[in-house]
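Those protein sequences? They're chains A and B, same order as listed.
Under the UniProt record's numbering, the first residue of the first sequence carries the number 1, and numbering increases by one thereafter.
Under the UniProt record's numbering, the first residue of the second sequence carries the number 1, and numbering increases by one thereafter.
There's no promise every hint is true.
When chains are identical, the list treats them as one kind, so a pair holds in a single copy or across two.
As the list claims (entries may be wrong) - Below, in silico cross-link-like pairs of lysine to aspartate or glutamate (EDC-like), each with a Cα-Cα straight-line distance of 16 Å or less:
1) K61 - E94
2) K228 - D72
3) K161 - E39
4) K161 - E145
5) K228 - E39
6) K228 - E42
7) K418 - E218
8) K61 - D87
9) K446 - E313
10) K61 - E106
11) K446 - D22
12) K228 - E66
13) K446 - E309
14) K161 - D198
15) K228 - E69
16) K446 - D167
17) K61 - E86
18) K418 - D216
19) K161 - E10
20) K228 - E209
21) K228 - E203
Calculated from the structure, these hints are not laboratory results.
2 protein chains.
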Amino acid sequence: MNNETLIENEARAEALEQAIADQDLVATADLLTGMGTTEIIEVLERLNTRERAVVYRLLAKDRAIEVFERLDSTLQSEILSGLQDEDVAAVFAELNPDDRVALLDELPASVARRLMLGLSPTQRILTATVLGYPQGSIGRSMSPEFVTAHPAGTVAETLVKVREQLDDAETIYTLPVTDAGRLVGVISLRDLLRAEPDERIGELMSVPESMGAEVDAEAAARHCADLKILALPIVDREDRLVGILTVDDALRILESAESEDAARTGGSEPLRRPYLATPVASIVRSRVVWLLVLALGATLTVQVLDLFEATLEQQVVLTLFIPLLIGTGGNTGNQAATTITRALALGDVRPRDVLQVLAREVRVGVTLGLLLGSLGFVIASAVYAVPIGAVVGLTLLGVCTMAATVGGVMPMLGKAIKADPAVFSNPFITTFVDAAGLILYFLIAKLVLGI
Amino acid sequence: MNNETLIENEARAEALEQAIADQDLVATADLLTGMGTTEIIEVLERLNTRERAVVYRLLAKDRAIEVFERLDSTLQSEILSGLQDEDVAAVFAELNPDDRVALLDELPASVARRLMLGLSPTQRILTATVLGYPQGSIGRSMSPEFVTAHPAGTVAETLVKVREQLDDAETIYTLPVTDAGRLVGVISLRDLLRAEPDERIGELMSVPESMGAEVDAEAAARHCADLKILALPIVDREDRLVGILTVDDALRILESAESEDAARTGGSEPLRRPYLATPVASIVRSRVVWLLVLALGATLTVQVLDLFEATLEQQVVLTLFIPLLIGTGGNTGNQAATTITRALALGDVRPRDVLQVLAREVRVGVTLGLLLGSLGFVIASAVYAVPIGAVVGLTLLGVCTMAATVGGVMPMLGKAIKADPAVFSNPFITTFVDAAGLILYFLIAKLVLGI
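Just need the whole structure built from these sequences, with the hints factored in.
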């Protein structure tokens with residue numbers, strides 16, 4: 001798709017949205033037939049619940065299923081609630097076990113049970129295996145449908161087996177090699193095609209990378225990404241193969257993990273659906289709790305200032321620098337926190353590195369502090385008075401050092417106590433640094449100005 | 001890999017790092033032989049330049065190349081600078097054209113030129129095609145090595161062709177179908193295996209999704225991810241096939257894009273290498289410019305306060321709420337900015353949606369403002385005085401509304417003027433909201449308290 005084509009699609013999407021807004025069903029249906037699945041999905045993700053239900057019902061049957069399979073489970077469940085029972089059952093049966101489980105989590109228990117009963121026995125068992133693993137584990141997002149090879153089997157035999165199971169398996173490009181259920185190797189279809197028909201899998205297979213089904217889904221997905229492989233075998237505690245994680249599922253897992261981190265560092269809960277498809281009320285809900293918590297934390301600053309009110313009355317000029325000082329502290333803290341949160345997510349830094357991180361951030365903080373501090377000293381001395389300049393400069397040095405250190409260590413503590421590091425980063429740090437920075441400021445002021 | 005195994009690896013990695021710290025080359029070499037490529041890479045990413053060079057030279061030849069291929073280009077260039085010319089040439093020749101180009105961007109022009117001349121003619125041409133596209137375009141990250149099918153060809157013929165080119169092509173699992181160089185379709189290896197030997201590709205192929213080589217790399221990678229496909233054909237303006245983007249490369253592109261967004265929203269430049277492998281000096285560099293810019297912006301708040309110094313002298317109590325008020329404003333702004341920045345990155349929101357976003361964020365802001373405002377009014381009235389409570393409450397209402405609106409719209413403006421939306425988000429908003437919030441605060445105070 002060239003930039004030109006991108007623009008065409010844009011235009012078509014706009015026309016469609018217009019038709020929907022005008023409730024012109026004929027025009028809508030016409031436009032839909034001319035559009036690709038991806039385009040349709042992009043539009044659906046921008047509509048409100050009612051509009052989405054209408055548009056979905058206008059889709060041709062197979063197209064409808066294609067589209068449904070690729071929607072987020074939250075949107076899927078909404079659409080289902082608007083369909084006839086028999087259509088629901090049909091759509092549900094079409095899904096892959098892993099996607100089906102994601103959807104089940106969104107549905108009311110009664111509906112979920114009814115849908116499960118509607119499945120074919122095999123599909124029900126497959127779905128059950130996935131359902132058996134705890135939320136957030138990779139077992140929940142893996143596909144239990146895979147083709148395996150046997151070490152004693154020949155290339156020819158294996159290729160036949162692959163051909164037979166072409167339609168059931170999630171991927172045929174990476175084959176786990178199992179012996180009595182245990183994962184003993186892995187072989188790519190590329191290697192199979194390269195080899196002689198009578199060669200034995202056992203001689204061709206390579207050492208398998210794998211993950212335990214109980215491992216955190218994001219960690220497994222990140223591992224799959226780092227390995228640059230198309231599929232990662234998932235095993236149970238006895239190293240028996242229970243599923244396979246395909247790279248496209250890994251990608252989906254990572255994307256939602258990134259969204260979560262982004263939201264948390266911004267001090268809100270992640271939206272569980274595309275922004276424009278989220279009701280304003282849920283957006284408010286995703287933010288209000290955090291905002292209240294942080295505001296409550298900020299009352300600390302009120303108390304600190306209350307404490308030093310006498311000092312302020314003597315030197316109102318000190319007030320002028322309050323936002324600058326705590327702002328700079330907040331920025332320095334956020335810089336450190338964001339870097340470390342990201343490094344933790346990527347596995348570049350581990351909780352045991354806490355001392356190394358501490359040492360580095362102190363050095364960074366001091367350097368930044370000296371720079372900003374001397375600058376602050378010069379300017380504030382010039383504009384106001386040298387003592388004031390000294391107070392501002394020294395405070396900047398102190399605040400930067402403290403902020404960088406706290407900002408670097410907080411996320412690691414979060415990780416260490418198994419909380420989301422992102423939660424422990426930016427917003428909290430700002431609140432903490434604000435209060436601590438103010439205390440530092442007034443202590444230095446009292447010292448330097450002798451009040 | 002089970003959690004148990006993960007812990008084992010942890011232990012091994014720690015032992016290795018110890019051996020390296022002790023400069024015990026024998027122990028280091030022993031430990032290395034027992035480790036998987038991924039483990040070794042994880043360790044390398046945690047060492048400093050000198051240590052990394054030592055460890056790399058201890059690796060067996062093939063292992064060394066395996067490892068090298070999967071390192072970031074920044075680390076690759078460092079390692080190269082420590083190797084003999086002939087080794088450099090050998091390693092360089094082993095790389096895929098796209099990885100090679102990424103590395104060339106890191107190397108001094110003279111070295112780059114020499115290395116290019118060392119390549120085989122074919123490899124040199126392939127590398128040149130990739131080099132021909134602008135930085136940041138998908139053309140730069142695509143692979144120019146692909147197997148194509150012809151619509152008139154039979155399944156049997158195509159499978160033979162695939163077998164012949166097994167080793168050169170980046171992927172054989174998705175085959176672009178071209179006619180006279182033009183992309184006319186795409187067929188998966190799965191479909192080929194499913195079909196009868198004498199069927200024609202033209203009847204089996206499906207409509208191709210593709211991207212123009214000039215398209216932004218992140219957009220293309222995101223598209224590849226949304227489609228849940230293994231490879232996306234890349235075409236030139238005349239729709240001629242010029243390369244292919246594989247999902248694992250798409251993943252790599254997305255990861256670095258995420259890191260960049262994370263850093264920018266945190267108010268710093270992205271580190272171009274793993275945190276522990278980054279010298280403190282470069283970390284400082286990645287933060288200092290932003291910090292200075294923001295501090296400069298914050299001097300606005302000093303001027304605002306200077307403006308209202310008289311008011312402050314009359315009512316020192318107003319000072320107490322300054323950090324709380326601007327803090328809350330900053331948080332509300334960041335929440336909105338982070339949500340919208342993310343939505344833009346995911347393509348959930350487009351610049352043309354600016355009015356819709358504006359409308360939504362105003363509503364969100366007012367709702368949050370009413371909540372926090374009334375709360376602030378009650379508390380401040382109880383602790384201090386009703387007029388003070390009124391000032392605080394009204395300011396909170398105003399600040400939240402303004403912050404959410406600004407926070408929501410700023411990233412979209414950023415995107416519209418083709419800048420990185422993340423840059424225009426959190427740090428800038430905080431600075432802006434701080435100053436604007438203070439003005440609002442004092443105007444309301446003057447009005448309510450009649451000073």
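Hints, verified against the model:
1. K61 - E94: This pair counts as within: shortest intra-copy Cα distance 12 Å, inter-copy 49 Å.
2. K228 - D72: Classified as between: cross-chain Cα gap 13 Å, same-chain 25 Å, threshold 16 Å.
3. K161 - E39: neither (36 Å within a copy, 34 Å between copies)
4. K161 - E145: This pair counts as within: shortest intra-copy Cα distance 14 Å, inter-copy 30 Å.
5. K228 - E39: between (28 Å within a copy, 14 Å between copies)
6. K228 - E42: Cα proximity of K228 and E42: across copies only (14 Å, versus 28 Å in one copy).
7. K418 - E218: Intra 14 Å, inter 31 Å, cutoff 16 Å: intra-copy only.
8. K61 - D87: within (10 Å within a copy, 59 Å between copies)
9. K446 - E313: within (13 Å within a copy, 19 Å between copies)
10. K61 - E106: Close neither inside one copy (23 Å) nor across copies (51 Å); limit 16 Å.
11. K446 - D22: neither (68 Å within a copy, 48 Å between copies)
12. K228 - E66: between (27 Å within a copy, 12 Å between copies)
13. K446 - E309: within (12 Å within a copy, 21 Å between copies)
14. K161 - D198: Only inside one copy: K161 and D198 sit 15 Å apart there, 21 Å across copies, limit 16 Å.
15. K228 - E69: This pair counts as between: shortest inter-copy Cα distance 11 Å, intra-copy 25 Å.
16. K446 - D167: For K446 and D167, the Cα distance exceeds 16 Å both inside one copy (77 Å) and across copies (74 Å).
17. K61 - E86: For K61 and E86, only the intra-copy Cα distance (13 Å) is at most 16 Å; the inter-copy one is 61 Å.
18. K418 - D216: within (11 Å within a copy, 37 Å between copies)
19. K161 - E10: neither (44 Å within a copy, 38 Å between copies)
20. K228 - E209: Cα proximity of K228 and E209: one copy only (11 Å, versus 22 Å across).
21. K228 - E203: neither (23 Å within a copy, 33 Å between copies)
The structure does not agree with the numbered hints 3, 10, 11, 16, 19 and 21 stated previously, though it agrees with the rest.
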